[in-house]
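> Read top to bottom, the protein sequences are chains D and U.
Just add 5 to wherever you are in the first sequence, counting from 1, and you've got my numbering.
Just add 2 to wherever you are in the second sequence, counting from 1, and you've got my numbering.
Keep in mind that a hint or two might mislead.
Straight-line C-alpha distance at most 25 Å; calculated BS3-like pairs for lysine-lysine [stated by the list, open to error]:
#1 K14(D) to K43(D)
#2 K27(D) to K14(D)
#3 K71(U) to K51(U)
#4 K51(U) to K46(D)
#5 K46(D) to K58(D)
#6 K46(D) to K107(U)
#7 K71(U) to K43(D)
#8 K43(D) to K24(D)
#9 K41(D) to K14(D)
#10 K58(D) to K24(D)
#11 K23(D) to K43(D)
#12 K41(D) to K51(U)
#13 K41(D) to K23(D)
#14 K71(U) to K102(U)
#15 K71(U) to K27(D)
#16 K14(D) to K107(U)
#17 K58(D) to K71(U)
#18 K41(D) to K107(U)
#19 K102(U) to K41(D)
#20 K58(D) to K23(D)
#21 K45(D) to K71(U)
#22 K27(D) to K51(U)
#23 K45(D) to K102(U)
#24 K45(D) to K14(D)
#25 K14(D) to K24(D)
#26 K51(U) to K45(D)
#27 K27(D) to K41(D)
#28 K107(U) to K51(U)
#29 K46(D) to K102(U)
These stretches of chain D come out as covered by chain U in the derived footprint (C-beta under 8 Å, 3 or more residues) [claimed, not checked]:
#30 46 to 58
#31 107 to 115
It should be emphasised that the hints constitute simulated quantities derived from the structure, not laboratory data.
Ideal Cβ positions, reconstructed from N, Cα and C, are used throughout, including at glycine.
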Amino acid sequence: DTEVTQTPKHLVMGMTNKKSLKCEQHMGHRAMYWYKQKAKKPPELMFVYSYEKLSINESVPSRFSPECPNSSLLNLHLHALQPEDSALYLCASSQTTQGASTDTQYFGPGTRLTVL
Amino acid sequence: AQSVTQLDSQVPVFEEAPVELRCNYSSSVSVYLFWYVQYPNQGLQLLLKYLSGSTLVESINGFEAEFNKSQTSFHLRKPSVHISDTAEYFCAVSESSNYKLTFGKGTLLTVNP
């Protein structure tokens, strides 16, 4: 099973709402990632979790709050977002932890977020 | 810091024609190179990667890429494309010294009948 699943597929929220994105993998991977992808742009790294601990935060605003409850799950909690945060949010996982730059990252299909 | 340049933002071709998608990188240390493909409304999938050894790497669906250290390039080629190859293709690089995967801006390959 080389699948990374993400829910929901689509999400529309207002600027005062609180919502969460969910990502799950059952490949035994110990590194998990959140990326943001704007239309017609490459993915931009947001966060990296290594062995369920946050190891990298790419200077992401605090209105995005990641959480890794266990080795298979990764959440992204959203609060007080802005319209410019509308994008495709991609989750990925890889076998080993940061520093293993040869690893293949496996991506989920993404959650398309619209902030009104 | 590493960087990736994909010179062509769009490449339209006819079905069964050959195609080359260009990728150049910049880095001061050893690098590992990847091509990912993104079909419409989907996530990214690894197409192929170069880590070491033979400079020519192949994918299961007929794509190949050649690592050229002197020209700092990793161009993707396919001798005969299909309609189903229509997608966005991203070249990416990681350095041996860190975890981060840096993507190019992507090339939209459109295969027309």
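> If a hint holds in the structure, say so; if it doesn't, say that too.
Okay, the hints, checked on the actual structure:
Proximity of K14(D) to K43(D) is assessed by CA-CA distance (about 16 Å); at most 25 Å being required, the pair is judged to hold. The hinted pair formed by K27(D) and K14(D) meets the criterion: a straight-line CA distance of about 10 Å does not exceed 25 Å. For the hint linking K71(U) to K51(U), the alpha-carbon distance of about 15 Å falls within 25 Å, and the restraint holds. Taking the CA atoms of K51(U) and K46(D), the gap is about 21 Å. The hint holds against a cut of 25 Å.
For the hint pairing K46(D) with K58(D), the CA-to-CA distance comes to about 28 Å; that exceeds 25 Å, so the pair is violated. For the given pair, K46(D) sits about 6 Å from K107(U) by alpha-carbon distance, which is consistent with the 25 Å threshold. As the CA atoms of K71(U) and K43(D) are separated by approximately 31 Å, the hinted pair breaks the 25 Å bound. Proximity of K43(D) to K24(D) is assessed by CA-CA distance (about 19 Å); at most 25 Å being required, the pair is judged to hold.
For the hint pairing K41(D) with K14(D), the CA-to-CA distance comes to about 14 Å; that is within 25 Å, so the pair holds. Between the alpha carbons of K58(D) and K24(D) the distance comes to roughly 22 Å, so the proposed pair stays at or under 25 Å and holds. In summary, the hint linking K23(D) to K43(D) is supported, as the alpha carbons are separated by about 21 Å, within the 25 Å threshold. Between the alpha carbons of K41(D) and K51(U) the distance comes to roughly 23 Å, so the proposed pair stays at or under 25 Å and holds.
As the CA atoms of K41(D) and K23(D) are separated by approximately 18 Å, the hinted pair is consistent with the 25 Å bound. A threshold of 25 Å between alpha carbons decides the hint, and for K71(U) with K102(U) the separation of about 20 Å falls inside it, so the pair holds. Between the alpha carbons of K71(U) and K27(D) the distance comes to roughly 40 Å, so the proposed pair goes past 25 Å and is violated. Between K14(D) and K107(U), the direct Cα distance comes to roughly 24 Å. Compliance with the 25 Å bound is thereby established for this hinted pair.
Distance check on the hinted pair: K58(D) and K71(U) sit about 36 Å apart at the alpha-carbon level, beyond 25 Å; violated. Taking the CA atoms of K41(D) and K107(U), the gap is about 14 Å. The hint holds against a cut of 25 Å. The hinted pair formed by K102(U) and K41(D) meets the criterion: a straight-line CA distance of about 14 Å does not exceed 25 Å. At most 25 Å may separate the alpha-carbon atoms for a hinted pair to count; K58(D) and K23(D) meet this at roughly 23 Å.
Between K45(D) and K71(U), the direct Cα distance comes to roughly 29 Å. Violation of the 25 Å bound is thereby established for this hinted pair. Proposed proximity of K27(D) and K51(U) is contradicted: the alpha carbons are some 28 Å apart, above 25 Å. Under the criterion of a C-alpha separation no larger than 25 Å, the hint pairing K45(D) with K102(U) is consistent with the structure, at around 21 Å. At most 25 Å may separate the alpha-carbon atoms for a hinted pair to count; K45(D) and K14(D) meet this at roughly 19 Å.
With a C-alpha separation of about 13 Å, the suggested pairing of K14(D) with K24(D) holds against the 25 Å cut-off. Note on K51(U) and K45(D): the hinted pairing holds, with a Cα-Cα distance of about 23 Å set against a maximum of 25 Å. This hinted pair checks out: K27(D) and K41(D) have alpha carbons roughly 14 Å apart, not beyond 25 Å. Between K107(U) and K51(U), the direct Cα distance comes to roughly 18 Å. Compliance with the 25 Å bound is thereby established for this hinted pair.
Note on K46(D) and K102(U): the hinted pairing holds, with a Cα-Cα distance of about 17 Å set against a maximum of 25 Å. With 5 residues having a beta carbon nearer than 8 Å to a beta carbon of chain U, the stretch 46 to 58 of chain D meets the requirement of three or more and the stated coverage holds. Requiring three or more residues with a Cβ within less than 8 Å of a Cβ of chain U, the coverage given for the stretch 107 to 115 of chain D holds, as 8 such residues are present.
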